[in-house]
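Use the sequences and the hints to build the structure in full.
Chain residues, written in single-letter form:
Protein chains: 4
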Amino acid sequence: MSATRYTYLGPEGTFTEAALRTLPEAATRELVPMVSVPAALDAVRAGEAAGALVPIENSVEGGVTATLDELAKGEPLMIYREVLLPIAFALLVRPGTELSGVKTVTGHPVAQPQVRNWLAAHLPDAVWESSASNADGARLVQEGRYDAAFAGVFAAATYGLHPLVTDIHDAANAETRFVLVGRPGRPAARTGADKTSVVIWLDDDHPGALLELLQEFAVRGVNLMRIESRPTGQGIGNYCFSADAEGHITDRRVGEALMGLKRISPQVRFLGSYPRAGVSPDEVGPVRAGTSDRAFTDASDWLTRCLDGRF
Amino acid sequence: MSATRYTYLGPEGTFTEAALRTLPEAATRELVPMVSVPAALDAVRAGEAAGALVPIENSVEGGVTATLDELAKGEPLMIYREVLLPIAFALLVRPGTELSGVKTVTGHPVAQPQVRNWLAAHLPDAVWESSASNADGARLVQEGRYDAAFAGVFAAATYGLHPLVTDIHDAANAETRFVLVGRPGRPAARTGADKTSVVIWLDDDHPGALLELLQEFAVRGVNLMRIESRPTGQGIGNYCFSADAEGHITDRRVGEALMGLKRISPQVRFLGSYPRAGVSPDEVGPVRAGTSDRAFTDASDWLTRCLDGRF
Amino acid sequence: MSATRYTYLGPEGTFTEAALRTLPEAATRELVPMVSVPAALDAVRAGEAAGALVPIENSVEGGVTATLDELAKGEPLMIYREVLLPIAFALLVRPGTELSGVKTVTGHPVAQPQVRNWLAAHLPDAVWESSASNADGARLVQEGRYDAAFAGVFAAATYGLHPLVTDIHDAANAETRFVLVGRPGRPAARTGADKTSVVIWLDDDHPGALLELLQEFAVRGVNLMRIESRPTGQGIGNYCFSADAEGHITDRRVGEALMGLKRISPQVRFLGSYPRAGVSPDEVGPVRAGTSDRAFTDASDWLTRCLDGRF
Amino acid sequence: MSATRYTYLGPEGTFTEAALRTLPEAATRELVPMVSVPAALDAVRAGEAAGALVPIENSVEGGVTATLDELAKGEPLMIYREVLLPIAFALLVRPGTELSGVKTVTGHPVAQPQVRNWLAAHLPDAVWESSASNADGARLVQEGRYDAAFAGVFAAATYGLHPLVTDIHDAANAETRFVLVGRPGRPAARTGADKTSVVIWLDDDHPGALLELLQEFAVRGVNLMRIESRPTGQGIGNYCFSADAEGHITDRRVGEALMGLKRISPQVRFLGSYPRAGVSPDEVGPVRAGTSDRAFTDASDWLTRCLDGRF
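Protein sequence lines correspond, in order, to chains A, B, C and D. Note that the working numbering has the first sequence beginning at 1, numbered continuously upward. Note that the working numbering has the second sequence beginning at 1, numbered continuously upward. Note that the working numbering has the third sequence beginning at 1, numbered continuously upward. Note that the working numbering has the fourth sequence beginning at 1, numbered continuously upward.
Calculated directly from the structure, the hints in this document are not laboratory data. Hints may contain errors.
The list treats identical chains as one, so a pair stands whether inside a single copy or across any two.
[Claimed, not checked] The calculated SDA-like cross-link candidates involving lysine to any residue, where the alpha carbons are at most 25 Å apart (straight line), are:
(1) Lys103 <-> Ser36
(2) Lys73 <-> His169
(3) Lys73 <-> Glu48
(4) Lys103 <-> Asn223
(5) Lys73 <-> Asn173
Listed below in structure tokens is the structure:
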């Protein structure tokens, strides 16, 4: 039944599955791996799944363009949760294989730059060939096509492999951010440590448009946490911007900034307000003076008094 | 009875009286000249007059600081109307005086720079002495103390004088702006060609405060027509700003800008929204894209749909 | 000889004379009182004086418009020094007069709001009449026309009067700023606690022009200390702005901001860089990161390397 | 010899090779295909090639992250030329194959979204499998592994294939931008239709940093043509920005903007000024008033006169 089904970017044994399993509700859902981000999201659009977990940003590789573009186009979807997962690879081998016996290695192309230095230091002569996913690489090792695969350590059991080396990652702090996407509905409840995602199209041929977009946030004291340009598909030089802002749509400063964007942009798509992963409300700093809900309410009351001539 | 009484900056025969008489309702009011701007306004504050007409800006001399400061301080007042009056002087003499017989001239100190060139060309040897007002100068001519006074041509009859020369003004386009001030009440109705006046205090020691103030207007597409700094009386370097913006407080873009100012400023005083003198609604250009009331309403509806998850 | 002559806003005994006498070089100059600010400045323009001391700003009354306008128009002049003088009045009477005998008082119109409260408390029944200057008021008391005059205590000796009460000032921190003006020449040397004055005309009908003007300063981290609009004389709605900025024209950030203003404005008039009165260099805070002369030089060196392809 | 060698993203028959062959000098160079963007660029860094042509942006897929990141990190490189190539695919088959006989198709993963609609309409039952490059797909067809490959029509001859259908592209205006990269040297000469590329790091934890970055361009009237965030590798939330601005480093407005960025940013990397592909100087609009080289020179002359007191 769709209400109990979550799709995710498969196959089994990927980091996405590991991220999904960190969500408490995952325990009571049917988790279905899909071959691609569009496939995972289309299952949600079609009502065949209640949600889909997909990667959206990697601290080494940047935005996951398939996810950014799928959320920007087609039938609207919304983000309800985010998950941050540290990314560390294990070198998975068939039981009995030793490091000296590893001549060929595989993994997802995205994994390659994250293990390049480790490979150069420990397996300088090994030949790398890319596979369709880290989990797929593990399967190909199981089948004997390669000697070793870089994948999450959790993939070892699925494919009957042995984690010969663990915690491999060239960059410190490597992590991937995933989002749980569903059909449009009421945003996740405000927690005090929230994030609001939006896609904003700019007017062509209006040089200052990006600056004006940022000023709609800045003048209300709303901090941007991420902004990425994406092509609109209308030719080079035509972009939309995918952005995450601090705060929740029910925060007055965020709501007013969103309305400002709506007014100046040819198109704005609200992608949801949801809790920030890894940040508790008491870790969030104070808002800029004059931008609290209280300040907005006081100003609104004052305007009403002005309209009545009561000061 | 106070409801039928208007005070104005006197004495009789000043440009202020002439400006007041351009208002249709002046015909049915008791018009009372006062010795100073504070006196005219205090009569309103005390409930002894329904309104006061006072000069606020002169195209040659600039802002009338007594008016700006009175409106910024003390018990609140509001502006309900403005009047623009072209300023041209007549040279008033006792009947029978000829130009060659004018050895001494008088007038308000403010008049002097506006007739300086004319004097140099036509009465190079005449001695100027200032009087307390242009009308007062006319009275002193009547009394025989000076040979001629610069004043409005309308002052001739009041003082039994003859306008020997008329339409004297060094600067082209010399005009004075007057405002009709009353106790706080509902603002004048929106006409489509309106102006909103406000006084805004800035945070001390916050270098970017004026820029932020202007951005509250700019981000909502509200044009400023006038902005003047005034000392707060707290020592050199402490200012407030008196400003006129295009539009009416009931225009959504103006209302939101005012609330923005209220939130970022230690103090804001709303001085009224009122029709622009000399401009009809069809002479007012279109507002910037995305700042019409319709654009605000659409954005507000959109935000409501976002909050409900209906796109 | 003109090189040894300084004019000032007279007559003798004014606060302007007192301010002028605080300058060490005044001791070796011939100090000549003039009847008005334009007269004092025209003597400099004509080469009849090496400098003129005139008031430019009062913490209670605001900018001295005669000075602001004279500096903005006509043949260029430059500011080389500023003087800050606390403003406190003495009640000057003929020897023998007691407070109970004071029925009429006089003083410059500007003095009146600064002693209003004191008058209400101590001489509620005294009649005020304005005089052309505070010193002129003292002279009229000497001549017996009024019982008492508000003036600087230093005027007592000049006019043979007795300071019955001293240190009268309604506002705390009342002070006036004076500037020493000369013909254009090399600016005063940089001290590290400097101020740069400028007059900037705005494009008509360009609503964002003031914002752009402020951004030329802001983007280079130059703080504005004062900005005042003045009418251009071309009709209501046409303004230029008189501004003081922190720093010296030889500071790279100030020079670049001035050039930015010059490029975007129809007209800019440089009025000088000179030491800030009452502030020593070690009281001046650090400049914003990235706006020191060192940062400018480093960036310039880097650009040169970029042009050469040497990184 | 390296001075006559250009590398490019291979293998032979890719769009990159086609783009490279549009450069006149390609006719006299040895063109060497490389397995990856890093490999093509490292050959330049190592002095083994004089230049490398690599894709940097695709109108459908967005920025080519491998190229953006290689240019941002490691030993500095510079861009000297750009090439725009319309992207249209041919369906390459072995001679004799008809459309009805195509059961399996291949191509680079990036090609797939660009031919998806065409496939659905004309070969709804064909099975897609990705290949390492479009040219590699053609080779696999040659070897008989797939029935057809999507590739540039120019790849047909290389692999002995027949272009069964040509000009296939789902999106109108699909094109890819390539850059010719070399070791740092003097930038390409100014043509009047130029572009300047730069990578700018932002201060962590400084919410307004991106806005300030844009203002350094805006205040000098420099239009941004592209801006993309890229992760710095220091964890999620740490970004640098890759940007293209209109104009040449020798344009005064561009040079001053670059110096401004250098001053406010912890790190800036100049990537070159070079002619805009597909735009001639007479198609470039006028610069904003006050930002021409002439305006800069006039302002600089004026500042010099101010420093000398000559107006």
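Checked hints:
For the homomeric pair lysine 103 and serine 36, the shortest alpha-carbon distance between copies (21 Å) is at most 25 Å, but the shortest distance inside one copy (30 Å) is not. In this assembly of identical chains, the alpha carbons of lysine 73 and histidine 169 lie at most 25 Å apart only when taken from different copies (18 Å versus 33 Å within one copy). Taking the shortest alpha-carbon separations for lysine 73 and glutamate 48, only the intra-copy value of 19 Å comes in at or below 25 Å, while the best inter-copy value is 44 Å. For the homomeric pair lysine 103 and asparagine 223, neither the shortest alpha-carbon distance inside one copy (49 Å) nor that between copies (51 Å) is at most 25 Å.
In the homo-oligomer, the alpha carbons of lysine 73 and asparagine 173 lie at most 25 Å apart only across protomers (18 Å), although the nearest pairing inside one protomer, at 31 Å, exceeds that limit.
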